[in-house]
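*Asks:* Residue-level listing of the chains:
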Amino acid sequence: MPSDLVFDWNRERPGGVPQRRALEFDDETLRDGVQSPSVRIPPVDEQLELVRHMVRAGIGSADVGMPGSGARAAADAESLCRAIVAEQLAIRPNCAARTVAADIEAVLAIQQRIGAPIEIALFLGASPIRCRVEGWSVDDLVRRTESAVALAVRHSAPVVFVTEDTTRSHPDTLRRVLSAAAENGARRLCVADTAGHATPLTVIRVIRFVQRVLGEWGRREIGLDWHGHNDRGLAVANALTAAWAGASRIHATALGVGERVGNPPMEQVIANAALEGWVDRDIRALPGYAACAARILGVPIPFEAPVVGRDAFRTTTGVHAAAIAKARAAEDESLVDLVYSSLPASWLGRAQVVEVGPQSGASNVRLWLADHGFAVGARTVAAILAAAKRSNRPLSDDELLHLAHEAERGRR
Amino acid sequence: MSREAGPAGPDSTESLVYDWGAAERESGRRTVSFCDETLREGLQSPSSRLPTVEERLEFLHLLGGLGVDAANVGFPGAGSKARSEVASICRGIAAARLLLQAQCAARTRIEDLEAVHAVAESAGLTIEVGLFIGSSPLRRAAEGWRLDDQLRVVARSVAWAVAHGLRVLFVTEDTTRSRPDDVRRLYLEAVRAGATRVCIADTVGFATPLGAQRLTAFLLGALSDTGARDVGIDWHGHNDRGLAVACALAAASAGAGRLHGTALGIGERVGNAPMEQLLVNARMFEWSKANLGRLMDYATLASCMLGVEIPAGQPFVGRDAFSTATGVHAAAMLKALERNDGELLDSVYSAVPAAWLARRQQVEVGPLSGVSNIRFWLRLHGYPASDEAIARILRFAKGADHVLSDEELHRLARAPGPL
Chain A
1 MPSDLVFDWN
11 RERPGGVPQR
21 RALEFDDETL
31 RDGVQSPSVR
41 IPPVDEQLEL
51 VRHMVRAGIG
61 SADVGMPGSG
71 ARAAADAESL
81 CRAIVAEQLA
91 IRPNCAARTV
101 AADIEAVLAI
111 QQRIGAPIEI
121 ALFLGASPIR
131 CRVEGWSVDD
141 LVRRTESAVA
151 LAVRHSAPVV
161 FVTEDTTRSH
171 PDTLRRVLSA
181 AAENGARRLC
191 VADTAGHATP
201 LTVIRVIRFV
211 QRVLGEWGRR
221 EIGLDWHGHN
231 DRGLAVANAL
241 TAAWAGASRI
251 HATALGVGER
261 VGNPPMEQVI
271 ANAALEGWVD
281 RDIRALPGYA
291 ACAARILGVP
301 IPFEAPVVGR
311 DAFRTTTGVH
321 AAAIAKARAA
331 EDESLVDLVY
341 SSLPASWLGR
351 AQVVEVGPQS
361 GASNVRLWLA
371 DHGFAVGART
381 VAAILAAAKR
391 SNRPLSDDEL
401 LHLAHEAERG
411 RR
Chain B
1 MSREAGPAGP
11 DSTESLVYDW
21 GAAERESGRR
31 TVSFCDETLR
41 EGLQSPSSRL
51 PTVEERLEFL
61 HLLGGLGVDA
71 ANVGFPGAGS
81 KARSEVASIC
91 RGIAAARLLL
101 QAQCAARTRI
111 EDLEAVHAVA
121 ESAGLTIEVG
131 LFIGSSPLRR
141 AAEGWRLDDQ
151 LRVVARSVAW
161 AVAHGLRVLF
171 VTEDTTRSRP
181 DDVRRLYLEA
191 VRAGATRVCI
201 ADTVGFATPL
211 GAQRLTAFLL
221 GALSDTGARD
231 VGIDWHGHND
241 RGLAVACALA
251 AASAGAGRLH
261 GTALGIGERV
271 GNAPMEQLLV
281 NARMFEWSKA
291 NLGRLMDYAT
301 LASCMLGVEI
311 PAGQPFVGRD
321 AFSTATGVHA
331 AAMLKALERN
341 DGELLDSVYS
351 AVPAAWLARR
361 QQVEVGPLSG
371 VSNIRFWLRL
381 HGYPASDEAI
391 ARILRFAKGA
401 DHVLSDEELH
411 RLARAPGPL
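Those sequence lines, one after another, are chains A and B. Mind the numbering: the first sequence is residues 1 to 412 in the numbering used here, read in order. Mind the numbering: the second sequence is residues 1 to 419 in the numbering used here, read in order.
Worth flagging that the hints you see were computed from the coordinates, not collected in a lab. Predicted model, so just to flag it, every value in this text is computed and none were measured. Please note that the accuracy of each hint is not assured.
Calculated pairs, DMTMM-like style, for lysine to aspartate or glutamate (alpha carbon to alpha carbon, straight line, at most 25 Å) [as the list claims (entries may be wrong)]: (1) B:81 - A:134; (2) B:398 - A:49; (3) B:335 - A:134; (4) B:81 - A:399.
Start from the sequences and build out the full structure, keeping to the hints where you can.
*Replies:* In structure tokens:
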């Protein structure tokens, strides 16, 4: 970013918010993502296609399902783990499991058959509201945690212990449950905002709390995951805040598909991490990743989806086009890409697009004509602009071509 | 929702939610108002259609009943068509005596202000003008502007607007990438010339919540240093980084008294902070008493008016906002249903009660479902939960690659005995 032209209010941090060093991503598309009531469950060869895209996008681990939920889920998870090993894909698989022996054994069976470690994401509801519904006491939670973590660790499976609904759970309960997980050998702890309840301030408090208790136990080597949901529209902000506060692995799904309104969209989390300087700026793999997810899950990419939506770098507005035209005239490509954009389109291998519609001015028309090889005559510009102002939506390229040809014929 | 950290009483649902964000509300008691930008910024989306004047007025009628305070109705300086449309809308607002502050956008040019003034005269309405100027070094480089020239233009245009009876909201575009000293000078010049509100614009969606908070606190400090404490602060944000809602809330917590949003977040590029998300979040913080019972009508009307769909995954108003097909979730919700505890059912897997939006928690049946999903569905639709029916539906669901439709479920529930 040209520092002389951008004053960055985000970066100057008098409060001393710690900068992240290494950040990893865990892709939850094939577990939480397919829990969306609006997606189709893709066949396993298509799931594998998405895993290959994850690798290209720099995603380090992927949840490949919950084998304990049924024969089909177990078979799919096993096929994916096998393919990851066989193709030597640079991604580590993990599987979800409840704190019941059958679920854990289903993962251990796959691990044994493929002969490679599979991380187990052991999850347990920890909030008073879940305990009330399920009739659990805190002692029950602790007992379940101890036996489940011990079982997985005994069979050499790395464990990430997930407290469901952490953001609505009491700190005293969390302290006891997390301590049981840590003592029995969990390598990571995952703070889950299962109901999408958290705000960024909540995230800071919960992450700091877990860090503090890990410090008290002398267990700072245990890594922290953040798993969030978008019910309040805050999922991306919460994920970034978790990374600022000290979580070293962020869970997300392609296009944000997932339970209810879903999770933080992976493509937005990675693009933000690139803007923050936490990962490489080459994020050209993201459009392909998003397109693959949309195709195999049978969901459209909303036109207004940040980063990967059709309109992310598209304008028809006169004031904006005028500024872009001036930047172009100055032959300054980085200015063109930044004057009305926070994320440079070029990082994604995309470009700023100026179109012509009822909100446009002459600049839009001039840019379009120049880009399509037409002479930019005053009468042609006026004719097209008049047609655009009569329309109730942007003109298509076909319509613009037709109008431009007509205006040229009239001149001849 | 709980207002104190930790349990409140023995039996209420409130006592079952430990709220890690509670101090946010305690420390941040405030009232926030809202400015709806759908009819100006929303129409700049390349994917929305331009609605008729009648459709826009219908939308404004609904807005008045929602608890939204102001609405931007357009940019009359854009041309003669825009000017006559905005004038018709303002006459409609005046005729219906809508409780909305009508607002128009204008550049710092006298001809733009003359257009707004003409609209105000023809409607007999006091109009707030959102007077905007680019303030970032980037915009200045692209446009070839100098700060001194801008300051002169700001003083002249604000003074002209005030002298002609317009309320002035002074907007610095691209504020979040502008130098502190530049924006302070521009804002203070506008306030000296008579602006009653000032607006921070995150025009390209660059801010993080921390950036939004710092900038708002900076502006609040600059205003109070000059004794202009009665000048209100607006926040206008964009969603390019997916942070629009969080930034608006962060700005409000730092002292912005009015937040801009658009229906469904429709606007330039990927759009703005979705108004419906701002209203529900503000209600959760107890910053607003907006009437959320009509929020679905607002979203639906905007969707029809703009010709855009509501994505299934849109928070609060999307089809899936209160819907699950997952076995683990359904199991917990079924237990609450069987106890006839509606409040518990509405909060066990939900951050916001569906009842606020006059909606209901929905349990569906799909390949990731368990027996609980089916029991829940059967009970809600008045079928006996026979073992045969449950087994039949579960077998079908596990073999499907999608969530079953109600039609499919009714058919399966009715099929007689094991086939």
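*Asks:* If you draw a straight line from the CA of residue 398 of chain B to the CA of residue 49 of chain A, is it 25 Å or shorter?
*Replies:* holds (23 Å)
*Asks:* Please work out if residue 335 of chain B and residue 134 of chain A have their alpha carbons no farther apart than 25 Å.
*Replies:* Given that 25 Å is the threshold and the Cα spacing comes to 8 Å, the pair holds.
*Asks:* Straight-line Cα separation of residue 81 of chain B and residue 134 of chain A no greater than 25 Å?
*Replies:* Violated. Residue 81 of chain B to residue 134 of chain A sits at ~62 Å, over the 25 Å cutoff.
*Asks:* Is residue 81 of chain B within 25 Å of residue 399 of chain A, Cα to Cα?
*Replies:* The hint holds at about 21 Å.
Hint 1 from the list above is the single one not met by this structure.
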